[in-house]
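Could you slot chains B and C onto chain A? The hints should help.
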Amino acid sequence: MNPAPIEQKQIYSASIRNKAFPFLILAIIIASQYYYDIRRSERPLIPPTIIPAQILKFGDLGLHSAASSLMWIYTIQQVGTHPKKIPDLIKVVNDLDPKFGYPYAFAVLILPPLGFKDGGVEIALRGVREVNTDWKIPYYLATTYHIFFEDRKNALFYFDIVARMPNSPQEAKAVASRYGTSKTVRDQTKDIWASIYETSNDELVKERASRYIIHIDMLELLEKAALIYRQKYGYYPKKIAKLVQPGILKEIPLSPLGLEFYLDESGRALAK
Amino acid sequence: MIKIDGLTKYYGEQKAVDNLSLSIPEGTIFGFLGPNGAGKTTTIKMIVGINTPDSGSININGRTPFMPSAREEIGFMPEEPHFYDQLTGLEFMRFAANLFSQKSQAKESLEEILKKTGIYEARNKKIKNYSKGMKQRLGFAQALVNDPKYIFLDEPLEGLDPIGRRELKIMLENIKKEGKTIFFNSHILSDVENICDQIGIIHLGKLIYFGSVDNFRKDKSLEEQFVETIKKL
Amino acid sequence: MRNILIIAGNTFHQAIRDKILYGIIIFALIFIGSSVVISSLSLEEDIFVIRNFGLAGIYIFGLIITVFLGASAIYEEVERKTTYLLLSKPVTRADIIWGKFLGLLAGIGTTILLMAVAYLLILLVSGGSLDFPAILAVMLQMAEVALLLAVLIMFSIFTTPLAATIYTILILYIGHVLPLIQEFAIKAGGTTKYLLMVAYYIFPNLEKFNIRNLVVHNIPIPPKEVLLSLGYSAAYILLALFIAQRLLNRKDM
Chain A
1008 MNPAPIEQKQ IYSASIRNKA FPFLILAIII ASQYYYDIRR SERPLIPPTI
1058 IPAQILKFGD LGLHSAASSL MWIYTIQQVG THPKKIPDLI KVVNDLDPKF
1108 GYPYAFAVLI LPPLGFKDGG VEIALRGVRE VNTDWKIPYY LATTYHIFFE
1158 DRKNALFYFD IVARMPNSPQ EAKAVASRYG TSKTVRDQTK DIWASIYETS
1208 NDELVKERAS RYIIHIDMLE LLEKAALIYR QKYGYYPKKI AKLVQPGILK
1258 EIPLSPLGLE FYLDESGRAL AK
Chain B
391 MIKIDGLTKY YGEQKAVDNL SLSIPEGTIF GFLGPNGAGK TTTIKMIVGI
441 NTPDSGSINI NGRTPFMPSA REEIGFMPEE PHFYDQLTGL EFMRFAANLF
491 SQKSQAKESL EEILKKTGIY EARNKKIKNY SKGMKQRLGF AQALVNDPKY
541 IFLDEPLEGL DPIGRRELKI MLENIKKEGK TIFFNSHILS DVENICDQIG
591 IIHLGKLIYF GSVDNFRKDK SLEEQFVETI KKL
Chain C
1129 MRNILIIAGN TFHQAIRDKI LYGIIIFALI FIGSSVVISS LSLEEDIFVI
1179 RNFGLAGIYI FGLIITVFLG ASAIYEEVER KTTYLLLSKP VTRADIIWGK
1229 FLGLLAGIGT TILLMAVAYL LILLVSGGSL DFPAILAVML QMAEVALLLA
1279 VLIMFSIFTT PLAATIYTIL ILYIGHVLPL IQEFAIKAGG TTKYLLMVAY
1329 YIFPNLEKFN IRNLVVHNIP IPPKEVLLSL GYSAAYILLA LFIAQRLLNR
1379 KDM
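Residue numbers (this note's numbering), protein chains in the order written: chain A, 1008 to 1279; chain B, 391 to 623; chain C, 1129 to 1381.
Looking at chain A on its own, in the form it has when it is part of the complex (with noise of 0.2 angstroms):
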């Protein structure tokens, strides 16, 4: 016996419902989703979870040299949102395999700008001491010294371990065993980021070296600038905005390391 008209009506409708639940709930879940993500901005960050060497090294199965990329690969991301956390997560990856060579090398490149001058420079002399046989860490630890310390006797010590070593590149060996030679400071501080910036397939290093390059070419177009000038008026301007004006320079260039050009007696460019 057929269902009377209505009920007909009534199982159809409830066959439509039973259809289109699912997919409602489906709709349901992938709003709440994409509310929550809308509103992560909101949210603090949440620092990243420092857990000791010895502790991993329990549960890892014996797989520590994977475990450390794992950690290096996690700490690489944390450089960009917490750089504060970066010398204790390049830690654990050490401890958790110290023959893993590069990040002693980043270490020691990317910390004294964030204000680890010296923690970046213990990480790299460990570094030395495990991996003798990655040029990158005493050529990264020099240049550190060179720049960051002044320290032009450690910084030619280390260029000079790396001048010796057989696989080190052209590059760096060039900028290695010229280092203290005729050329002036800021000349061979240029060298050392170009070679960096040639030898280096890691983005961050890379972008680091091209910012100093660009700021040591735009001190030598602001000297050269100031040389026109005095050609002009017959002395070095005070202040450094006289430069623009035409036939000397458009503008003062902004400093990708974020510092201000300054001009002092003898018309050399300086930056603070």
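Don't read these hints as lab results, they were simulated from the structure.
There could be a bad hint or two in this list.
Distance windows between CB atoms, simulated [as the list claims (entries may be wrong)]:
#, chain 1, residue 1, chain 2, residue 2, range
1, A, R1159, C, I1330, 54 to 62 angstroms
2, C, M1129, B, K621, 50 to 58 angstroms
3, B, R556, A, K1016, 52 to 60 angstroms
4, C, K1147, B, P552, 46 to 54 angstroms
5, B, K393, C, I1302, 49 to 57 angstroms
6, A, L1211, C, I1154, 31 to 39 angstroms
7, C, I1330, A, P1059, 24 to 32 angstroms
The structure presented is a predicted model; accordingly, all values stated were derived computationally and were not measured.
Even glycine gets a Cβ: it sits at the ideal position worked out from N, Cα and C.
For chains B and C alone, kept in the frame of chain A given last:
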């Protein structure tokens, strides 16, 4: 000849089989009957060499079944047989046949056995897709791969429909005609009445009757007499 | 001997036809493949990261497959009583133990081989060279897996499949932290030291089979040590399966 002498088996403190003695002549069908938990399966597992008794001896054609070589002449079908699900029926038969040293069965014979037991059509299907009745038939088929002289079956009629049961009983009679000795457990008494040459009845581990069917049931049906006897104990 | 091989062959066929196994293998291949993507996050050293993650993936999934295949095979035999069909034929309990062991090992070995080939191809495609030391690492992994399988079979004779699995996983963890336990024991001194050192010598030291950390740094591995590790594995396997055989002989099915 199958000779069992003073067979005893304990499970913990419990005596599952109590001083059992049987003597089964060649070329006969012997039905081992009893209620659930009486000790039938425990007994048959010892006879085919799966477990060892705590005391007593078993002799099949003058040899003890605990020597692997003695089991060349034995075929066994366990109760509710379980197989390797990912294999097909034919693959399992081949595997079973290969475990015997004299390869008494060639591939043709394996397929013949499958035809006889009625699962030839399903020989290339995976066992996981077999019904209970098909598994039962395969269980019987694999017991025949080595053309055994002594065949032991634990509840062979279980899970078969009436047609299947009739077919199996006919097969047993044919096998008997070939001179083989058959020993089987059952609690479906109405079926065993007509095919057994002799029966043994076990209750709580003890043998309470051994002899012909007619002698036991007298003028009642086997089932009636059985139930009465058990109730009296 | 012949029956051992026949049972091994049968166990192998049964194992490799399991669909769940294919699911695990696909996950393993995805994991190894994804090491290429993850390595691109590592700035420099992408080959280093691919090697690390590739070998770790082969290891972890190899373990998962071992535990899975081992536990299901034992469950099948014990719970579902397929052994009745074997023991009533001219097959001994020793045949069953060794046959199952070799068959499962062959199945596990096949999947590990598959993963290793995938890893080598991925490494070649990403710009690395043919990684011979990694092949050695996988070989030693097989020795470790064989040892764990033997231990799993031994446990499963006297406990439930689930408990046997859990005990085997515990042995796995303990086996890898034994060097740390030894360090701790030396520092501790006194009775603690002796107790821990006893544990150190009795439990299987699975770090012997772990040359991954050396392989990724291209540190050469002395052949004598490799042979010693293989011998250690063989000795442990014999011990575990011998105990399993004795236990099974005494067990009523």
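Does 24 to 32 angstroms hold as the CB distance between I1330 (chain C) and P1059 (chain A), or does it fail?
29 angstroms, holds
Has the hinted range 54 to 62 angstroms been met by the Cβ atoms of R1159 (chain A) and I1330 (chain C)?
Check passed, 59 angstroms falls within 54 to 62 angstroms.
If I claimed the Cβ atoms of M1129 (chain C) and K621 (chain B) lie 50 to 58 angstroms apart, would that claim hold in this structure?
54 angstroms, holds
C-beta pair K393 (chain B), I1302 (chain C): status relative to the range 49 to 57 angstroms that was hinted
53 angstroms, holds
Look at the Cβ atoms of L1211 (chain A) and I1154 (chain C) and judge whether their distance stays inside 31 to 39 angstroms.
35 angstroms, holds
For R556 (chain B) and K1016 (chain A), compare the CB-CB distance with the range 52 to 60 angstroms and indicate the outcome.
56 angstroms, holds
Between K1147 (chain C) and P552 (chain B), is the Cβ distance one that fits in 46 to 54 angstroms?
Roughly 37 angstroms apart at Cβ, these two residues miss the hinted range, so it is violated.
Figure legend: structure checked against the earlier numbered hints; the only hint not met is number 4.
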